[in-house]
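K.L.:
Sequence:
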Amino acid sequence: MDGADRKTPLLRGEGSSTPTPSLRRRDSARSLRSCFLSRLPDKVRVGLDPERAADADVDLDRAKGLSQGEREYYQKQLAALRTFEEVENLCMPGEFDPGADAREVVEDKEQKRSESAMKISNYANIVLLVFKVYATVRTGSMAIAASTLDSLLDFLAGGILWFTHLSMKSVNIYRYPIGKLRVQPVGIIVFAAIMATLGFQVLIQAIEQLVENKPGAKMTLDQLTWLYSIMLSATAVKLALYLYCRSSGNSIVRAYAKDHYFDVITNVVGLVAAVLGDKYFWWIDPAGAVVLAVYTIVNWSETVYENAGWLPNP
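In our numbering, the protein residues as written are 3 to 316.
Wrong hints could be hidden among the right ones.
Claimed, not checked - Computed cross-link-like contacts, EDC-like style, restricted to lysine to aspartate or glutamate with a CA-CA straight-line distance of at most 20 Å:
no., residue 1, residue 2
1, 45, 72
2, 260, 224
3, 78, 88
Unchecked claim - What follows is a set of in silico ranges between Cβ atoms, one per label pair, in the way DEER data are often shown:
no., residue 1, residue 2, range
4, 111, 79, 39 to 49 Å
5, 136, 278, 47 to 57 Å
6, 245, 81, 48 to 58 Å
7, 85, 129, 49 to 59 Å
8, 165, 213, 35 to 45 Å
9, 209, 165, 26 to 36 Å
10, 122, 74, 52 to 62 Å
11, 161, 281, 35 to 45 Å
12, 41, 70, 48 to 58 Å
13, 122, 33, 34 to 44 Å
14, 129, 245, 15 to 25 Å
15, 219, 129, 21 to 31 Å
Honestly, the hints are just simulated from the structure, not real lab data.
Note that beta-carbon positions come from the ideal geometry of N, C-alpha and C, so glycine has one too.
Take the sequences, apply the hints, and build the full model.
P.N.:
This is the structure in structure tokens:
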């Protein structure tokens, strides 16, 4: 082939023995095509359209003196180039779409905002867990205990969602050509399953307390002060986080938003049940815990059902 080694692909960079680790915009399929065409031997270049030499395919029927093996070789090289261009049109539209760069900037900002929302949520879950454990110990309320267990699982489930997010960022393009977008439902389903499990545990404990018919001790003024301070502060923080996370385009961040909204409800119901149970009828406290447990089971079971259809095939 006029000095060209048939076993050495012309698509590979000159002097390179290994493929380039990653392609940048200047290494686009169009650049590869231009490089490929510029290195063709003369007997193949006669198949080029001189007016569109940078873009046109090679008409191998016009090339003279090619053996069958040479013809098959160039057909495969040109087919590979066409495949690269098709993939680039799908994955890297910026070479042909002037607005792609602006969209990439917006996507980068959204990515940073999503990561910030997840980090803030995780830090808040840790701090609120510590305070709610203290409130549970101080008051002995079953409803507050249910809310505290919820915060504990928030912390654990938040770690699951964060791990899922990191897994999606670390993508081997050779093992996962289309990325790990479908990994998202896996983390969300695990999160929802844990929350539903919490609901069953609290439901059993609350029913046991109602069946045993053993009212707890009345709370002191100091205990009530701590209860109001911690639960109202936790509710305000969770409401702010819900408003911050709910508008995200990231499904994992929206899962956090749903959890924050759920926490607002559980905190309010838990506080009301604890106060009314202490002031009026003791059974209001475990009854509130039952309501929270049923709500948890139904809410997160629906989440499992919604995301099950998006799981990746085994």
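K.L.:
Run the structure past the numbered hints and jot down the numbers of the failing ones, going up.
P.N.:
The structure conflicts with hints 2, 5 and 12, although it agrees with all the remaining ones.
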